[in-house]
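J.: Residue numbers (my numbering), protein chains in the order written: chain L, -6 to 204; chain G, -6 to 204; chain S, -6 to 204.
A few of these clues could be false.
Note that identical chains are pooled: a pair holds if it fits in a single copy or bridges any two copies.
[As the list claims (entries may be wrong)] No farther apart than 20 Å at their CA atoms in a straight line, the calculated lysine to aspartate or glutamate pairs in the EDC-like style are these:
1) Lys85 - Glu59
2) Lys85 - Glu199
3) Lys195 - Asp169
4) Lys108 - Glu59
5) Lys108 - Asp137
6) Lys85 - Glu160
7) Lys85 - Glu192
8) Lys108 - Glu192
These are computed hints drawn from the structure, not numbers from a lab. In this text the structure is predicted, and so the values were computed from the model without any measurement.
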Amino acid sequence: MAHAENLLFPLSIIGLIVVSMTAALAAGRRSMDWMGVVLLGSITALGGGSTRDVLLGNYPLSWVQEPYLLGITAAAALATIALAPVIHHFNKAFLFLDAIGLVLFTMLGCSVALKGGHHFAIVIMAGMITGCVGGVLRDVLCNDVPLLFRAELYASVSILTGLVYVEGLQLGLNPDLVTLVAFVFGLTFRLLAIRFRWEMPKFVYERDAGR
Amino acid sequence: MAHAENLLFPLSIIGLIVVSMTAALAAGRRSMDWMGVVLLGSITALGGGSTRDVLLGNYPLSWVQEPYLLGITAAAALATIALAPVIHHFNKAFLFLDAIGLVLFTMLGCSVALKGGHHFAIVIMAGMITGCVGGVLRDVLCNDVPLLFRAELYASVSILTGLVYVEGLQLGLNPDLVTLVAFVFGLTFRLLAIRFRWEMPKFVYERDAGR
Amino acid sequence: MAHAENLLFPLSIIGLIVVSMTAALAAGRRSMDWMGVVLLGSITALGGGSTRDVLLGNYPLSWVQEPYLLGITAAAALATIALAPVIHHFNKAFLFLDAIGLVLFTMLGCSVALKGGHHFAIVIMAGMITGCVGGVLRDVLCNDVPLLFRAELYASVSILTGLVYVEGLQLGLNPDLVTLVAFVFGLTFRLLAIRFRWEMPKFVYERDAGR
C-alpha cells in the first residue's frame, strides 16, 4: 500500500492547491480581505483531512507535522487573487477545480484509513469526509447551506470514487494505475453530473414546521 | 455501572433512529436530495456522541468501531422519506421524536462519561453535549440559528435529566429503573415545556451593535 | 517557560471572563434566553482553546481537567445580563472586551504549543486558533459570516502578537515582561485598527458565480 503513495503524494499537493483556490474564489465573491482569503483557503483545503484525522484519532495531523503545507495553501489562495483576471476567462473554473479536489481528496482519505486498518465502510467514509468536509466548512463559514446537501451528485461521486479506488487496490492492481483510473472515473462522473444536471430525487416535506 | 448498559443499549439504537428521522424531516423542509437526507440524518444522530468523544479524547468513536451504526442512521433517514405521507398525519411528530432523542442521548452521554471516571460537572456536560450538539449541527448545516439557543427549555431539560439519571445511579438504585425514571421525567418535562410554552427569561441587548 | 505561566494564568482567567461577556452581548442582540447566553458564552470562551487542543491532540482539554473553568464562563455570561444596563453607557464595550480576549488568548495558545515542542509556524497558528476560533464559533452559531473573515485587522493582530510574544521568549527576556509587552502591543494595534479603520485590501470576484 505504501506504493500507492508514490502518485498520491504529488496529487495530494495538487489537491491542496486547487481546493484552496476554490475557497479563495468563494471568498472573493464575499469580498473578504486578503487575510480572510488565506484563512478560508487553508481551512477548506486542510479541513477535510483534519476532520478525518480528528474523528479517527489519527495524530499528529498532517499540517501539524508538515507545517509547509500551510505555506502551500496560503500561497495558492494568494495566487488566486493575482490570477483572478485570468480565471475570469475560464467559465466554470470554480466547478472544475472543485471536482478535481473532491476526487483527489477522496482517494487520499481512503488511503489514510486503509493504512489505519479500518473497516471497509469506514475507509469509504474517510474518503468522503476528506473529499467533502472542506467544502462544507467553506460554505458554513460563508453562511450558505452547504452545497453538499443540495447539489447534483457530489457526495455520491465521492463514495463511488472511493469504491473504485479501494476495490482496485484490493484486487491487487498496480496502485498508480488504480489511482489514475479512479481519478479519471471520478472526475468524468462529476463533470458529467454537472453538465447534464444529473440529480438525485429530492425529499420535499412541508408540514409540521413547528419551530 | 455496566449493568446500566442493559437497557441503555437498545434505547441508544432507538435514539439514533429517532434523531436521524428528525434531521431527515428538517432536510425535507429544505428540499434536500436523498443523499443530503442520509448525510444530515447521520451527522445529526452521530454528531453529539462524536463531539463528546472527541472532546474527552475517548477513541475510537462508536461508529468507527461499529460501522453498522452508520447503516442504522442511513436507513432511518431513508425510511423517513417513505414514511413522510404517514408522518404528515401526526402533527408535531418532529418535536416528539426530537424530545425522545434529547433524553435518550443525554443519559447515554452521562453513562459514557461516568465510565471514563470524569468529574460530576463533566458527566452532566457530556450528557448535554451528546443530547444537544447533534441538533446544533443540524441547524447550522440548515443555516438556522440553532434551536438550542432560542427554544423553550431544551438544554435545561438535558441538564435536569442528566442530574436525575446520575443522582439515581449514585444512590445505588437499579440502573434500569433509574434509566426508565429519568427517561419519563425528561420526556414529560420537555413535552410540558413545549405544550405550555415554558420559557426562560430572555436577555435583550440592543445597544453597541458596532460591527 | 513554566515561569511564563505566572502572569499568563491569571490573565487567561481574565480572558475567559471578557470573551464570555462578548458572547453574552452577542446573545443579547439575538434575544437568546439565559441558558443560551450561558452556552454561547462558554462555547465562545472555551472553544478556541478546545479547538487548538483537539487539533494538536493535547488531551485532556483544560475545562475537562478543571471543570471550575465552566463555572467562570457561565458566571461571566450571567453577570453580563445583570451588568447590561451599565455596559450600555460604555460605547464600544464589545469591541474593547473582544480585543482584550483576542490578545490574551493568542499568547496563551502560543504558550501551550511552545510547551508541546511544536514548530514555530504551528506555535503561531496555535495562538491564532486560540485567539480567533471562539469568535468564529460565536458568529456561526449566531448565523453571521464570521467577523474574522470580514473585519479590520483581526487575525493579523493575532499573528503579530504571537510573533512578538514568541520572539520575546526566544530572546530569553523575562517571560512576564514579554507577556506585558505583547499584550500592550496587541491591544494597541487592534484598537488603532478599529479606530482608524485600518483594512487589508479586499479580494472582489464577481464572475463564475455558478453556485
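J.: Determine for every hint whether it applies to the structure shown.
T.: Taking the hints in turn, this is what the structure says about them:
Taking identical chains as interchangeable, the C-alpha atoms of lysine 85 and glutamate 59 are never at most 20 Å apart, the minima being 32 Å within one chain and 41 Å between chains. For a Cα distance limit of 20 Å, the shortest separation of lysine 85 from glutamate 199 across copies, 12 Å, qualifies, whereas the shortest one inside one copy, 33 Å, does not. Taking the closest pair of Cα atoms, lysine 195 and aspartate 169 never come within 20 Å of each other, the shortest separation being 37 Å inside a single copy and 41 Å across copies. When the C-alpha separation of lysine 108 and glutamate 59 is checked against a cutoff of 20 Å, the pair qualifies both within a copy, at 19 Å, and between copies, at 18 Å.
Taking CA atoms no more than 20 Å apart as the test, lysine 108 paired with aspartate 137 passes in neither setting, with 34 Å inside one copy and 38 Å between copies. Taking CA atoms no more than 20 Å apart as the test, lysine 85 paired with glutamate 160 passes in neither setting, with 31 Å inside one copy and 45 Å between copies. In the homo-oligomer, the alpha carbons of lysine 85 and glutamate 192 lie at most 20 Å apart inside one protomer (19 Å), although the nearest pairing across protomers, at 30 Å, exceeds that limit. Neither within a single protomer nor between protomers do lysine 108 and glutamate 192 lie at most 20 Å apart by alpha-carbon distance, with minima of 33 Å and 45 Å respectively.
Against the hints set out earlier in the document, violations occur for numbers 1, 3, 5, 6, 8.
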